[in-house]
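Peer 1: Each chain, written out:
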Amino acid sequence: MLNRETWIEIAHTVTANPLRTALTGLSVGLGIFILVVMQGLGFGLQNGVQQDFADEAKNSIWVRTGRTTLPYRGRQPNRKVQLRNGDEVRVTQEVVEVPEWSGRNMKWGSFVQYKNEQGYYPVVGVEPDFKGLEILPMAGGRWLHVDDLARESKVCIVGGDVIDGIFDDDEPVGAFVNLNGITFRVIGHFSKEGRWGNRMIYVPLSTMQRLFDGTDKLDQLILSAGESDLEESQSLVETVDADLRLVHGIHPNDQRALRVRDNQEEWAMFDRIFKGIRLFIWVIGGFTLLAGAIGVANIMAIVVKERTVEIGLRKALGASSGGILSAIVLEAVLITLISGAIGLMAGVGALSFAAPFAQHDYFTNPEVNLRVTLVSLLVLVLAGALSGLIPALRAVRVKPIEALREL
Amino acid sequence: MLALRRIEKSYPLAGGSLPVLKGIDLDIEQGEMVAIMGSSGSGKSTLLNVLGLLDGFDGGGYDLDGVDMAGLSEKQAARYRSQFLGFVFQSFNLIAFKTALENVALPLFYQKVSRRERQKRAMEMLGKMGMDDRSHHLPSELSGGQKQRVAIARALITSPRVILADEPTGALDSTTSSEVMEVLREVNASGITVIIVTHESDIAAKCDRVIRLRDGVIIEDGLSSEVVEPTANGAGPV
Numbered sequence: 048m049l050n051r052e053t054w055i056e057i058a059h060t061v062t063a064n065p066l067r068t069a070l071t072g073l074s075v076g077l078g079i080f081i082l083v084v085m086q087g088l089g090f091g092l093q094n095g096v097q098q099d100f101a102d103e104a105k106n107s108i109w110v111r112t113g114r115t116t117l118p119y120r121g122r123q124p125n126r127k128v129q130l131r132n133g134d135e136v137r138v139t140q141e142v143v144e145v146p147e148w149s150g151r152n153m154k155w156g157s158f159v160q161y162k163n164e165q166g167y168y169p170v171v172g173v174e175p176d177f178k179g180l181e182i183l184p185m186a187g188g189r190w191l192h193v194d195d196l197a198r199e200s201k202v203c204i205v206g207g208d209v210i211d212g213i214f215d216d217d218e219p220v221g222a223f224v225n226l227n228g229i230t231f232r233v234i235g236h237f238s239k240e241g242r243w244g245n246r247m248i249y250v251p252l253s254t255m256q257r258l259f260d261g262t263d264k265l266d267q268l269i270l271s272a273g274e275s276d277l278e279e280s281q282s283l284v285e286t287v288d289a290d291l292r293l294v295h296g297i298h299p300n301d302q303r304a305l306r307v308r309d310n311q312e313e314w315a316m317f318d319r320i321f322k323g324i325r326l327f328i329w330v331i332g333g334f335t336l337l338a339g340a341i342g343v344a345n346i347m348a349i350v351v352k353e354r355t356v357e358i359g360l361r362k363a364l365g366a367s368s369g370g371i372l373s374a375i376v377l378e379a380v381l382i383t384l385i386s387g388a389i390g391l392m393a394g395v396g397a398l399s400f401a402a403p404f405a406q407h408d409y410f411t412n413p414e415v416n417l418r419v420t421l422v423s424l425l426v427l428v429l430a431g432a433l434s435g436l437i438p439a440l441r442a443v444r445v446k447p448i449e450a451l452r453e454l
Numbered sequence: 004m005l006a007l008r009r010i011e012k013s014y015p016l017a018g019g020s021l022p023v024l025k026g027i028d029l030d031i032e033q034g035e036m037v038a039i040m041g042s043s044g045s046g047k048s049t050l051l052n053v054l055g056l057l058d059g060f061d062g063g064g065y066d067l068d069g070v071d072m073a074g075l076s077e078k079q080a081a082r083y084r085s086q087f088l089g090f091v092f093q094s095f096n097l098i099a100f101k102t103a104l105e106n107v108a109l110p111l112f113y114q115k116v117s118r119r120e121r122q123k124r125a126m127e128m129l130g131k132m133g134m135d136d137r138s139h140h141l142p143s144e145l146s147g148g149q150k151q152r153v154a155i156a157r158a159l160i161t162s163p164r165v166i167l168a169d170e171p172t173g174a175l176d177s178t179t180s181s182e183v184m185e186v187l188r189e190v191n192a193s194g195i196t197v198i199i200v201t202h203e204s205d206i207a208a209k210c211d212r213v214i215r216l217r218d219g220v221i222i223e224d225g226l227s228s229e230v231v232e233p234t235a236n237g238a239g240p241v
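Protein chains in written order, with my numbering: chain X, 48 to 454; chain C, 4 to 241.
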């Protein structure tokens, strides 16, 4: 079936009408190109969102407060709901049992100076457990200790972008930096993925509250759901939500005043969305490819019609039906495979070229993975075989005498 | 070698069928050179197609080399064609993108003969036809007579016992026709049965035996000297 003569014959018929072959190939190539590019875009979107999640542990629960929008128990709306240290203690000691937790206060755009270098970076007050709630790979030095919190130490841990920005080639650990006019000693530094993470400077929460805030206010409270599954995690969220609404007098339907966000649930939601997007892309890409395959089938039907006499003659000269069938199917597979491979390479090339220019908060690395490439190739071979099969079966049914009568 | 008994053949038409062969009885022995003559629509090409297993028949019997050919499958017919028969067509039916050598070698490809052997035998056959110097030419680069020589070489390459030629000189001028008939006579002289369908008396006169058909019935069957009238230019049986 795969001998030299067969390939020569296929090459002859493919090149006999180059424009038609090229146009047919274009339809398949375009189909696979669109499929690959759409897959790449889907992955880009997914990567962007995953990067957004990359900062945080998937099992963390984030508590944020805002202003009330609904009156409740005699209280007017537009009242600011403020978390305090007492809330953290009550929630973690009395309301729910969680393995790790931390308050989190942030000051965006804080003035930071090291020697003559200066810049503006977010300074974040956290507790030691925070390292288990947000992914922070240490690159040197150490993380916060409970003693730092107890002593309200003026120590900080800086991100890679801060080191690049103001430290030049100096060793950051042990260096002293000025944060909003107060000197802090750098005890560690980290390098992490994620959009914002590397710009952060972490200090003990107690130090931040005393030096910068002067109160026991908390911007956020973060809890770890530990090994809880999605159902248990949601139960934790409901319990915390109910406690804080009760204590702070927040209407049960007031979503702006209090938001307890379960990362696990959000992750599951995004996972569902992306599964849907991937399915959608496969369906669209599949139909595009199907259109190309129908084009090939159409052309193969024309080729068979044009070659009816030749096929009849070959049968008169001793060609078997199997040989004719395999040659036509192979021809269709060859057209789809070559043009599809070109479309595949063009798609991968286009994504590789466009990737550096297509970085966005929610879109990054529009790559095509090996699995998608292999599946696409498999789909191509099947599409090629199917598109050749129907015309080939018609060719096989050609009787020599009927073919020769067409002369 | 070839024996037809009461062969019936009809073609379906809207609202009925058109009988083309009406009870043909015919015996052709090994080594004969036979012309089948008749006017257009007489059934001569249909008879050739039945003899060549290119077309089936509705009634009667056909023995080829003592084997009953009734009810053959397409695959079985192909095997007998490949084993016993060679075909020469009026319009040559050479594959346009193949050289003379490749066209001649094609039947051997279907018999799974090795490439080297195919080329050797095809070249020898072209040499016998006086075409060895044109072996690498495409059909479009050959004259009508040369094309028909290539077609005859292709028909002979599998060493068939019968050559069936449908109007082999129909597309050729008289000089070239004579040359082609000379080639076919040489083929016949080697012991191969040659059956030619023609409507030309000059061509039929060069065969040993002539069968004349009219409306699907054999009306004459005899030596060419008995059946073919001498033409105005004096052509007659050889």
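Don't read these hints as lab results, they were simulated from the structure. Treat the hints loosely; a few may be bogus.
Chain C is faced by these chain X residues, among others (derived, beta-carbon under 8 angstroms) [to be verified]:
(1) His59
(2) Ala63
(3) Pro65
(4) Asp276
(5) Gln302
(6) Arg303
(7) Pro447
(8) Ile448
Computed cross-link-like contacts, DMTMM-like style, restricted to lysine to aspartate or glutamate with a CA-CA straight-line distance of at most 25 angstroms [claimed, not checked]:
(9) C:Lys78 with X:Asp215
(10) C:Lys101 with X:Asp215
(11) X:Lys446 with C:Glu170
(12) X:Lys352 with C:Asp68
(13) C:Lys78 with X:Asp301
(14) X:Lys322 with X:Asp301
(15) C:Lys123 with X:Glu312
(16) X:Lys446 with C:Asp135
(17) X:Lys446 with C:Glu77
(18) X:Lys105 with X:Glu312
(19) C:Lys78 with X:Glu52
(20) C:Lys101 with X:Glu357
(21) X:Lys446 with C:Glu203
(22) X:Lys446 with C:Asp68
(23) C:Lys101 with X:Glu144
(24) X:Lys446 with C:Glu189
(25) X:Lys264 with X:Asp215
(26) C:Lys115 with X:Glu52
(27) X:Lys446 with C:Asp136
(28) C:Lys115 with X:Asp301
Keep in mind it's a predicted model, so treat the numbers as computed, not measured. The C-beta atom is built at its ideal place from N, Cα and C for all residues, glycine as well.
Peer 1: Indicate, hint by hint, whether the structure satisfies it.
Peer 2: Structure-based check of each hint:
Nearest Cβ of chain C to the Cβ of His59 (chain X): about 5 angstroms, under the 8 angstroms cut. The hint holds. With 8 angstroms as the threshold, the beta carbon of Ala63 (chain X) comes within range of chain C, its nearest partner Cβ sitting at about 7 angstroms, so the hint holds. Here the hint on Pro65 (chain X) is broken, as its CB sits about 13 angstroms from the closest CB of chain C, past 8 angstroms. For Asp276 (chain X), the interface hint is violated, the least distance from its beta-carbon to any beta-carbon of chain C being 64 angstroms, above 8 angstroms.
Hint status for Gln302 (chain X) relative to chain C: violated, with the closest Cβ pair at about 74 angstroms, above 8 angstroms. Annotation: Arg303 (chain X) was flagged as interfacial toward chain C, and the flag is violated, the nearest CB pair being 76 angstroms apart, outside 8 angstroms. Nearest Cβ of chain C to the Cβ of Pro447 (chain X): about 5 angstroms, under the 8 angstroms cut. The hint holds. The beta carbon of Ile448 (chain X) comes within 4 angstroms of a beta carbon in chain C, closer than 8 angstroms, and the hint placing it at the interface holds.
Taking the CA atoms of Lys78 (chain C) and Asp215 (chain X), the gap is about 83 angstroms. The hint is violated against a cut of 25 angstroms. Under the criterion of a C-alpha separation no larger than 25 angstroms, the hint pairing Lys101 (chain C) with Asp215 (chain X) is inconsistent with the structure, at around 74 angstroms. The hinted pair formed by Lys446 (chain X) and Glu170 (chain C) meets the criterion: a straight-line CA distance of about 21 angstroms does not exceed 25 angstroms. As the CA atoms of Lys352 (chain X) and Asp68 (chain C) are separated by approximately 36 angstroms, the hinted pair breaks the 25 angstroms bound.
For the hint pairing Lys78 (chain C) with Asp301 (chain X), the CA-to-CA distance comes to about 81 angstroms; that exceeds 25 angstroms, so the pair is violated. This hinted pair does not check out: Lys322 (chain X) and Asp301 (chain X) have alpha carbons roughly 31 angstroms apart, beyond 25 angstroms. At roughly 76 angstroms between alpha-carbon atoms, Lys123 (chain C) and Glu312 (chain X) are farther apart than 25 angstroms, so this suggested pair is violated. Of the supplied pair hints, the one linking Lys446 (chain X) and Asp135 (chain C) is violated, its CA atoms being roughly 33 angstroms apart against a limit of 25 angstroms.
Among the hinted pairs, Lys446 (chain X) with Glu77 (chain C) is consistent with the structure: their alpha-carbon atoms are about 8 angstroms apart, no more than 25 angstroms. The hinted pair formed by Lys105 (chain X) and Glu312 (chain X) meets the criterion: a straight-line CA distance of about 9 angstroms does not exceed 25 angstroms. A hinted pair counts as satisfied when its Cα atoms are at most 25 angstroms apart, and Lys78 (chain C) with Glu52 (chain X) qualifies at roughly 22 angstroms. For a cut-off of 25 angstroms, the pair hint linking Lys101 (chain C) to Glu357 (chain X) stands: about 12 angstroms separates their Cα positions.
Straight-line distance between C-alpha atoms of Lys446 (chain X) and Glu203 (chain C) comes to about 28 angstroms, which puts the hinted pair past the 25 angstroms bound. The suggested pairing of Lys446 (chain X) with Asp68 (chain C) holds, with an alpha-carbon distance near 24 angstroms, which does not exceed 25 angstroms. At most 25 angstroms may separate the alpha-carbon atoms for a hinted pair to count; Lys101 (chain C) and Glu144 (chain X) exceed this at roughly 84 angstroms. For the proposed pair Lys446 (chain X) and Glu189 (chain C), the alpha carbon gap of about 31 angstroms is over 25 angstroms, so the pair is violated.
For the given pair, Lys264 (chain X) sits about 35 angstroms from Asp215 (chain X) by alpha-carbon distance, which is inconsistent with the 25 angstroms threshold. Between the alpha carbons of Lys115 (chain C) and Glu52 (chain X) the distance comes to roughly 11 angstroms, so the proposed pair stays at or under 25 angstroms and holds. For a cut-off of 25 angstroms, the pair hint linking Lys446 (chain X) to Asp136 (chain C) is broken: about 35 angstroms separates their Cα positions. Among the hinted pairs, Lys115 (chain C) with Asp301 (chain X) is inconsistent with the structure: their alpha-carbon atoms are about 83 angstroms apart, more than 25 angstroms.
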